[in-house]
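Starting from the known structure of chain A, arrange chain B on it as the hints suggest.
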Amino acid sequence: MMELIVASSSVDTGIGCWDLVSGAEQLRYRSSASPPHGLISVSRRFLASSQLRENPSSSSAPIFFWSWEKPQVQVRSFPAEPIGPLVSDSDGSYIIGGGPSGAIYLWEVASGKLLNKWTAHYRSVTCLTLSDDESLLISGSEDGSIRVWPLLMIFDDIAKESGENIYRYNFSEHALRVTSVISGHGLCNSIVISSSEDRTCKVWSLSEGRLLRSISFPSIIDAIAMDPGEHIFYAGCRDGKIYVAALNVEWNPVRNYGKFIIDSLSDNSKAITCLAFSLDGVSLVSGSEDGMIRVWNTKTGQMTRLLKHAKAPVSNVIIFRQPNKINQVSLSKKLELALMAPPLDKYTESREDGVESKAVKMIHQISDELDNSSYCAASVMSSQIKELQQNTSSGAVQMELERLRAECKRSMQMVQQWKKLYNDLQSTFVNELLNGVNVDGS
Amino acid sequence: MAAAAAAAAAAEFFSGMDDCRLKPPMLRSVLRDRLPDEKRPFRPAELTAVLSHMRTHGLLSERHSDIAERKLVEAWRSAVDGWVERVLSLASNSAPDKCWAGICLLGVTSEECCSDRFQSSYAIWFQKLIENFQSPSATHFIKVACCASLADLFTRLACFPYLKKDGTLLARKVIQPVMQILNEDVGETLWDVAVKLLCTLMSFFPSSIRQHYDTVEAVLTSKIMAAKCDLNTSKKFSLGLAILPKVKGDEESFCLIIEKILIAINSILTDAFQGLEEEKKSSEVMRMIVPPGKDPPPPLGGQTLPGEAFEPATRRLSELLVPRVTTLMHSCCVMLTNPYPFPVSIPVRPLIATVRRVLQVDGSFNGTLFPLITSTHQELLCAVLPALHLGCLDFLIAIIKGLRSQLLPHGANVVRLLTEYFRRARMPSIRRKVYSIVQMLLISMGVGMSLYLAQEVINNAFADLTDNLELGSSAMLSNMQSSILVGGTFRQNYHKKRKRDASVIPVEHSNGVDLSVKTCSKKSQAPLSVKIAALKALEALLTMGGSLKSECWRLDVDFLVIIVATNAFDSSWANENRLCLLKDESSFADYQLATLEVLLASLLSPTHTRSPYLSQGLDLFRRGRQETGSKIATFCAHALLALEVLIHPRSLPLEDHPPPNNLSVGEGFNQSFASGNFNNSTKTNLPSFSKGDLGLLDEEDEEELSSGSFDEEGPTSLENRNLNDKYNSEDIMKKPLAINSEVSQHVLEYEDKISQNVGVEMEGFGRGETIIDKEKTEESTPRNEISFHNASPNKMDFGQGNSAVFAAEMTPWKSETLVNISVNMSNHGSNAPDLSIGKIKEDSSPRSLYKGKDAMLSYDSDSFSLDSLPDIVDGDPDSE
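Chains A and B supply the protein sequences, listed in that same order. No gaps in the numbering here: position 38 of the first sequence is 38 in our numbering, and each next residue is one more. No gaps in the numbering here: position 615 of the second sequence is 1057 in our numbering, and each next residue is one more.
Below, simulated DSS-like cross-link-like pairs (lysine-lysine); rule was C-alpha separation at most 27 Å, straight line:
1. Lys606/B to Lys690/B
2. Lys481/B to Lys420/A
3. Lys723/B to Lys160/A
For the record, the hints were derived by calculation from the structure and aren't laboratory data.
Just chain A, same shape as in the assembly (with noise of 0.2 Å):
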């Protein structure tokens, strides 16, 4: 399986599609102009990107998905307003985004519904993402706020109505827009990184729902990517550089970068505005103003791989494993329609009329492998032989009672059979006995 770097641009130039390791282009998919965040792939089944406004007078702006297969867009949604961030669960279940209104919507990806609205910030929503176990919702605000939304809290009328706040924390310790937030390994006791306008990443306890960390950098970090061991971090800078911030290293103040940063990658580009990391734990792709896309390898710390995207701006990165095409092609038609998701609705359903929220039960995986246990005779057999055995049921007394018969029947047969050649034999003697007798009379 290889995996894909998938970046989209703030202007409206396509969905580049690069293959992470030869670096040869894949399928362009066309029209998309997203804001950041605004591009992921839904649990690898299919692309979605929200848009941005064609011009700033309209009052919304569209979201669109793309199968993998086709560079059309399949799928057009029309929110109620424009969304900008968008995150989903990894299994494809739910689709969020934040609106400029502060609204954040969650909608269901297999109905289309839009199950959950509700107003999460004053200002609009920048950023969204899901803690590592998908149970706690992270999103960012325009105002430098940051909450933590349990996501089944989220679903709890009762608990809502109780006039509670439904976030689980409140970080307000940012000055200025949050401009991204990465949620770190862990259940329970993970670290969340933010970073915002206010040349600060800030990182986060969320066990303990407090601040462990402000790093300052040079100019306004717009992206952040953490290390899969979780030692560094780096941070996409509108300076150009990437700079490698410490989380679980010495941090040595030899270079004069400032506290906690301990390196920078550069390559004199424009201003990084995304970041992505590789399953593979060591490259980084980035994206940058100047439209360009960069992959580093943060061993060595060098650019391997240069990838033109576009004149535009890169205002997207996401980096996953290519889909299963085989499983797709022995779809039928009519299964790959229902597949696909559709449009994600505007509003959400009244529950006063009584048509209530339904689950879709997805395909999960259908395996035609038979187990073993699907054979039965040899058990069947075994059951029937200590039936025979044992002489217990009615069946076994049943095919006893048929043998004895067939026995009888035999043994009757047998008898008559003797009992004829003993007649036979009989009148042979008599016969001849007869006969001799005549002779002898004779």
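Just chain B now, with coordinates in the frame of chain A:
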């Protein structure tokens, strides 16, 4: 020379039991000596030997490692030819026993033989089987064998996709006789295999069934409704019903069947629960299944429920209730959890409503003034209710499994349903199942779920696990006193004292929660299986939510875990090999294993302090590892490996960024760790920031303090720190805590909360918003009432604890801090509403707590007050 000799020897002898050349002669001798034929009489015991022989050695497989060996291939083929010939001739034998043997072996042959042979001769075999199957003289026994063999033949046939058409043709010939069997009263064994054959056809050759769709549905329904068969067979009927939609393979038929089943279940329930539940319940659920304005689907299985039509009046409804409902539910379970070739929508709300409906009926006259039913009816119903509840819990499990992440919108609903039920559940089997559901929910829905379930799990686990601790623990406790940390010892004493109090004068517990749980546990000791389930649920909780908002319960849970574990190993290591007389009964070894598992989770789950029981835990694992050959030893080895990382935390950076002085990292860590006060909650050992970071963090703190470089944060953290330092110097947080719901009122927790709230909420909102919070909290909406009285156990601890000191200490902070506490409590309450129901009278007391310092001071009267410093070791009051 020698090689040639060896080769010659090899030609004569076999190279061992795996030698393929062994097989043809073996098969031939089986044929010659074991298998009955025209002359040799039939002996059942010998047939068993033949069967096992064939299957162990794969005598029919004709699979050879060396294809080039033509001689072997030939020999084997002719041997199998002989076998097939003999089996076929047996199958046409007029003697019923030989005929039966032939049919059975034909079935086994179609499973075991090689593909080529199967493809070339399945038609003949099928012919032979169907002849016997349809022959009027066939006995019951032979029919059973025929069904089983046919099922195997079709199963094997399904392995060859290009034979699908042929298979469908053959399948059509079988359906009529099978349906006939199912319609006749022929006895359970035959039904069992017949429905198995039907299931095989439905799943592999669906098109053959398509025109019989309605008949099949009707037949299966009538069988389920008649409820004459035992559990296994009825499960097969329900399986048949569940895979029926696959015959059509579209969305509508799936939804229709599930809808019909739900209606059937609910109409049965309506009849059974008359007088035991609210009247409108039934119509409510029905409305959910069929929304108003929509035509209800035809009833399951056709026009009338055939089962009921000719039901003898002697069988009472309560007798039929459980088998019918559980079988139908099992159908739904299979439909929910198995893959379906098309995406379908699942009516989640009606499903959950049905579960809720069943679980809410506990056999009491629910709110009806004039009981409509006789006490006999009630008695009969109560007798079967546990089985019904168990079936229903299985149903719930299937819903959770089937929905996976899509349960999210209904998660809170399910949790509420479950926690309500958990409080009422008394029976061991039911409790065990509820624990396992809780465990499943915790693991699948993660941290968010642990916020909801923590309190419930802890309350119940404490009740189930502590019931016999006192009996056997005194010796162990005194042992432990010398070995563990001072604070821990104190904790124990406290714990024991409290326990004794509970048993002697339970009236003193104004806390209704505690009381009810205690008395219940005193009366009935939870069986091992329940304890194991409780431990597993606790393990899941520690794993998923061990450090998120867990300050209030973590210490007590850790304490419980170490006590339970040491207790379990106090006597001896259980012998796993000891024969268990009862199969279902969990052995003591399982219990020990479960305690070790939860102990590992408790040690590994991140906290802000080092676990005081680390060395005890390590000791247990070390000893356990020496129990050679047991599961416990395997697990202990694993635990030692996992804990090794805890003791030597590794941070292996990328090669590119080696820390300049690798050694100093470890040293720094050790130093800071060793010198740190482990009960000091402010200098946290952040697990994600292990090693040298601790030093860094401290450094950072210091810098912040001195330079005030963080403008937004500076003043708060400064004050915060001062506050905390003050507490540390008072050492007040070392007051140990009682178990159960009172858990949440640890002073330590307050301290944490203060620091947290100050850190997060105060800063986050500014004063204005906090005031809003305060107002919200003090609004006495009904919801708030509940949350307040949930928080009522506070009172106890304020009384016993050092809250007065605490309150006095924070005078400058008074208003804000108190508000924060109250907000937190109301959160807490609604997440995990507490056990008791009728405690409204206590409602006022906790609220008065927020009114000011005076209210709290008035509680300052118990034995554990200012002088309860951790270094004072009380004499063991329980050492009798």
